[in-house]
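One letter stands for each residue in the lines below.
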Amino acid sequence: MKADAGEVMTVVAARHLLDAKVCFIGVGRPSTAAILAREVHNPELVLVYESGTIGAKPFRIPLSIGDGELAETADAVVSVPEMFNYWVQPGRLDVAFLGAAQIDRFGNLNSTVIGDYDRPKVRLPGGGGAPEIAAACGEVVVIAPHSTRTFVERLDFVTSVGFGDGPGARERLGFRGKGPTTVITDLGVLEPDPETKELTLTQLHEGVEADEVREATGWPLAVAVEPRRTEPPTDDELGALRELTSR
Amino acid sequence: MVGFRSDRAQMVTLSEGVAELVGDGDSVALEGFTHLIPFAAGHEVVRQGRRELELIRMTPDLLYDQLIGMGCARRLVFSYGGNPGVGSLHRFRDAVENGWPHPIEVEEHSHAGMANRYAAGASDLPFAVMRGYRGNDLAGRTRVATVTCPFTGEELAAVPALRPDVAIVHAQEADRRGNVQLWGIPGVQKEAVLAARRSLVTVERIVDELELRPGGVVIPGWVVDAVAEAPGGSQPSYSHGLTERDNEFYRRWDEISRDRDGFRAWMEEHVLGKVAAG
Numbered sequence: 001m002k003a004d005a006g007e008v009m010t011v012v013a014a015r016h017l018l019d020a021k022v023c024f025i026g027v028g029r030p031s032t033a034a035i036l037a038r039e040v041h042n043p044e045l046v047l048v049y050e051s052g053t054i055g056a057k058p059f060r061i062p063l064s065i066g067d068g069e070l071a072e073t074a075d076a077v078v079s080v081p082e083m084f085n086y087w088v089q090p091g092r093l094d095v096a097f098l099g100a101a102q103i104d105r106f107g108n109l110n111s112t113v114i115g116d117y118d119r120p121k122v123r124l125p126g127g128g129g130a131p132e133i134a135a136a137c138g139e140v141v142v143i144a145p146h147s148t149r150t151f152v153e154r155l156d157f158v159t160s161v162g163f164g165d166g167p168g169a170r171e172r173l174g175f176r177g178k179g180p181t182t183v184i185t186d187l188g189v190l191e192p193d194p195e196t197k198e199l200t201l202t203q204l205h206e207g208v209e210a211d212e213v214r215e216a217t218g219w220p221l222a223v224a225v226e227p228r229r230t231e232p233p234t235d236d237e238l239g240a241l242r243e244l245t246s247r
Numbered sequence: 248m249v250g251f252r253s254d255r256a257q258m259v260t261l262s263e264g265v266a267e268l269v270g271d272g273d274s275v276a277l278e279g280f281t282h283l284i285p286f287a288a289g290h291e292v293v294r295q296g297r298r299e300l301e302l303i304r305m306t307p308d309l310l311y312d313q314l315i316g317m318g319c320a321r322r323l324v325f326s327y328g329g330n331p332g333v334g335s336l337h338r339f340r341d342a343v344e345n346g347w348p349h350p351i352e353v354e355e356h357s358h359a360g361m362a363n364r365y366a367a368g369a370s371d372l373p374f375a376v377m378r379g380y381r382g383n384d385l386a387g388r389t390r391v392a393t394v395t396c397p398f399t400g401e402e403l404a405a406v407p408a409l410r411p412d413v414a415i416v417h418a419q420e421a422d423r424r425g426n427v428q429l430w431g432i433p434g435v436q437k438e439a440v441l442a443a444r445r446s447l448v449t450v451e452r453i454v455d456e457l458e459l460r461p462g463g464v465v466i467p468g469w470v471v472d473a474v475a476e477a478p479g480g481s482q483p484s485y486s487h488g489l490t491e492r493d494n495e496f497y498r499r500w501d502e503i504s505r506d507r508d509g510f511r512a513w514m515e516e517h518v519l520g521k522v523a524a525g
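Taken in sequence, the protein lines are chains L and F.
Numbered according to this note's numbering, the first sequence terminates at residue 247, and the numbering increases by one at each position without gaps.
Numbered according to this note's numbering, the second sequence terminates at residue 525, and the numbering increases by one at each position without gaps.
So that you can see chain F by itself, here it is in the shape it has in the complex (with noise of 0.2 Å):
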């Protein structure tokens, strides 16, 4: 069941926010689908140390990358995990290829069938429906079966329902209340925020009211359970409106992830030595 702890979202800062709410093995789910990625969180995460979680995520690109490179996962379950337009996470490669730094299990989807057991968790449905996973190699790979319709007799595949323990996201902005608007591209956010036991959202800023937007998407803050401000922590990817996606250090980070003393170098640098915005 869904339990929704208090009537409205407490206001915390992120480094209060992922002590709270975010457990060692527990399954996390950083969603944003290209676009208001919550890096600040996933460095916060790693900070912290937490170690053993199943990691959630459609694309895990470089924040993935680098949780698995600094060793806070056990199980991955995505369904692309790709540098968008430049090439291989060699972090993620190097632990299931490699072992390194320690050996991770997988759990591999298709886009349309991680969307639909996410959808699942939101309506606290045990599984989704769909035409999918048919003829292919993944099928027998991973958690899929076969249902009738019992309308037509169609043959449709089920995927089991998602529900992480905890989601964090990143928004454009909330209110006070901890109600969140989010505007852009939407990806998946707002589903794993109603699927998972738990929620973080980070925001670019506080704001007294939302000013609803042409395609915003809100999430009431009585669904919410922490709120962080964390101005610029979707960079290197971006908040629709108020900052732009880096695609230069998506670029570069080929080269600093490709060698494991390299990694380390630059994430004891950038992450390790840097504390959380607010």
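Chain L on its own, in the form it takes in the complex (with noise of 0.2 Å):
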């Protein structure tokens, strides 16, 4: 089996989720990543969906965060504000996955709008949960294409705090999350560099090469010395991930 581009961006965010607790998760290709986790790798985790359920166990991919299988399976069920409030703010999930419309060096993101706040060239849908999860959450791992639409120098808006502008700027602004340890694309990996804090390329995709990925971000892109190949999705993950989708 050979798999397209969008099913290692999932199968490489489930293996993350090997040891992971508490999974944070919005709509798409991270709830997907996180079912699958479930089901492959790691039966234990318990996914939380922003709209409330707690330990939700979907046997399809729901469309929205507020599916009604999400509550059926859940252990707990919980408002709004409780989900913010005695949940995400203290800390207590482990990961959580996030997209974003843009994304700098420092794994900042914009959810909000392209172009001036008020004028915008395109309204994005705003932050949602994002602003105090990537601040609260144990950790960051981000989805996105690679592209320099994606990838860019500059922010046009900041709707999420990653390690704002380098090193020692989540420790100053009191968050407790450790930010965005992770940057899966198409393409490969990308991680904080420990100093730094800049995203270096760790990680590439098979038959992917490092000047690729260079050309595909918008800000001279950092390199890790010998990136590591990523192991293909086995049979077993694309077999579990195809019969996942097509349920």
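The set of hints was computed from the structure by calculation and includes no laboratory data.
Hints are not guaranteed to be accurate.
Some chain L residues flagged as far from chain F (calculated, every beta-carbon gap over 12 Å) [to be verified]: (1) G6; (2) E44; (3) T150; (4) P167; (5) L173; (6) K178; (7) T181; (8) P194; (9) T200; (10) E215; (11) V225; (12) R229; (13) D235; (14) L238.
Taking beta-carbon pairs under 7 Å as the criterion, some of the chain L residues facing chain F (in silico) [stated by the list, open to error]: (15) L63; (16) G68; (17) T73; (18) P81; (19) G127; (20) G128; (21) V161; (22) G164; (23) G168.
Selected chain F positions facing chain L (Cβ under 8 Å, derived; list incomplete) [as the list claims (entries may be wrong)]: (24) V343; (25) A359; (26) Y365; (27) G382.
Positions of the beta carbon are idealized from the N, C-alpha and C atoms, including for glycine.
Hints given; two lone chains; assemble the complex.
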């Protein structure tokens, strides 16, 4: 079996949840990855959806974060104020997945506007839960398609803070979580340099070379001395993913 | 001050309820976090031609896309304006990007900020305290301030209480005294009703006696102004246990709403041309 680029992103994201206890998710690929992780790698993984379902065990991939199946299968269903005040804010959630329309070299995210805020070229949906999730969750995993449109030198709007302007920024802001530890794209994986906090290419998917990733990045991308190669999705992983998406 | 109008909710038809409780220029919160979205009531607001509304809602999905596209809104207070799992809200974008059918003002928060604003409103406090809005550009664009904890010295975000003129929510059932019960994902509906000056609840069914459910949220009839029966009133959202979310419609809305004329035609056929249930 040969995986397409989207399937590789999902499988790599699922592998990231091998040892996670509690994972916070929104819709789309992160949800698919987290359900896949529960089925293949980590059956004890607790899925928490923003809508208030804690410990949901969906059989199908939900379209929205509030599909009925999430509430039916959850250990607990809580209100939105409770979700953010009792669960997100104290840092009870280990790993959170976020997406964004733009990301910069310090893993800061824009999901608010493209262009000027008052006269936007594109009005995006907005922050939703992301600003506080990015601050408080144990770590953040970003999933985004790799292109110079998304990986930009400068964000049009900072919706959610990653490493701010570099080392020490999260500490100064009093954030409890580690911030964006992993950025998974269709070309590879970026991780923050431990010293500079700048996102660095540390892993390449099958058939991708570092120059291709540099070209798809809107800033001079730091590349690890020897980037790892992504282990291609196994037949087990891919079979489970395709079975899951066909439900 | 929260003023309770009578000792029990009035049982009304949906059109009576909207006519009585929602006025032009009001701030109106039609809440429901992906579940129990009061579509029937929102459609009645469109049919009655309300204008200049300040629409408040954490997740202004399809229903507010419709209200905005029909020109009902002067202002939008929100935290996530997308079609969940599908993409953009085209009418919302057209209003913000191109001023169609007329420009709207936006006041935007994070989910945590909005949830806390409702909780402060329900508590009759002037503001809520939280950790949030730090280091991002939202802070400079919205109503948030910093307060210092008098006990620890920690700097925290303060967000102003939300006090809508009217809250409208949908629930599975009410009894004849207007006591309301909802179950499944509870969202922020209880907070919205308690924060608002007036409230209208639409329900799938009226029952003789509420049968209390595990995880059920009961809103006593004496804090609700009016209850209207509106079976199927949350479609294409859903009422847990009674109706299913119409995911296919959420996908189709992307196409229906993309173009101004197509949107108008759909609204004329499916909303303006219909009469309210109940």
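Against the structure, the hints:
For L:G6, the shortest C-beta to C-beta distance to chain F comes to about 15 Å, beyond the 12 Å cut-off, and the non-interface label holds. The beta carbon of L:E44 sits about 23 Å from the closest Cβ of chain F, which is more than 12 Å, so the claim that it is off the interface holds. Listed as outside the interface, L:T150 is consistent with that label: its C-beta sits roughly 16 Å from the nearest C-beta of chain F, beyond the 12 Å cut-off. For L:P167, the requirement that its beta carbon stay farther than 12 Å from each beta carbon of chain F is met, with the minimum near 14 Å.
Its beta-carbon lying about 5 Å from the closest one in chain F, L:L173 breaks the requirement of being farther than 12 Å from that chain. Once the 12 Å rule is applied to beta carbons, L:K178 is consistent with being away from chain F; the minimum gap is 15 Å. Non-interface status of L:T181 relative to chain F is upheld: no Cβ of that chain comes within 12 Å, the nearest being about 18 Å off. Annotated as non-interface, L:P194 keeps its C-beta farther than 12 Å from every C-beta of chain F; the closest such distance is 21 Å.
With 12 Å as the threshold on Cβ separation, the claim that L:T200 sits away from chain F holds: the shortest Cβ distance comes to roughly 22 Å. Remark: the non-interface label on L:E215 is consistent with the geometry, its nearest Cβ contact in chain F lying 27 Å away (cut-off 12 Å). Distance check for L:V225 against chain F: the nearest CB is about 32 Å away, which clears 12 Å, and the non-interface claim stands. With a minimum CB-CB distance of about 32 Å to chain F, L:R229 clears the 12 Å threshold, and the non-interface call stands.
No Cβ of chain F approaches the Cβ of L:D235 within 12 Å, the least distance being about 28 Å, so the stated non-interface status holds. Chain F leaves L:L238 outside its interface by the beta-carbon criterion, the shortest separation being 23 Å against a cut-off of 12 Å. The restraint placing L:L63 at the interface with chain F holds, with a minimum CB-CB distance near 4 Å, inside the 7 Å limit. Among the interface hints, the one on L:G68 holds; its C-beta lies about 6 Å from the nearest C-beta in chain F, closer than the 7 Å criterion.
Nearest Cβ of chain F to the Cβ of L:T73: about 12 Å, over the 7 Å cut. The hint is violated. Because the closest C-beta pair between L:P81 and chain F is about 4 Å apart, less than 7 Å, the hint holds. Because the beta carbon of L:G127 sits about 5 Å from the nearest beta carbon in chain F, less than 7 Å, this interface hint is met. Interface hint at L:G128: satisfied, since its Cβ lies 4 Å from the closest Cβ of chain F, which is below the 7 Å cut-off.
Evaluation of the L:V161 hint against chain F yields a held restraint, the C-beta minimum of about 4 Å falling below 7 Å. The interface hint given for L:G164 holds, since its Cβ lies 6 Å from the closest Cβ of chain F, which is under the 7 Å cut-off. Hint status for L:G168 relative to chain F: violated, with the closest Cβ pair at about 12 Å, above 7 Å. For the restraint placing F:V343 at the interface with chain L, the shortest Cβ-Cβ distance is roughly 4 Å, inside the 8 Å limit, so the hint holds.
The beta carbon of F:A359 is positioned within 8 Å of a beta carbon in chain L (closest approach about 4 Å), and the interface hint is therefore held. Contact between F:Y365 and chain L, as hinted, is supported at the beta carbon level, the nearest pair being about 7 Å apart and thus within 8 Å. Interface restraint check: F:G382 against chain L, minimum CB-CB distance 4 Å, threshold 8 Å, status holds.
Against the hints set out earlier in the document, violations occur for numbers 5, 17, 23.
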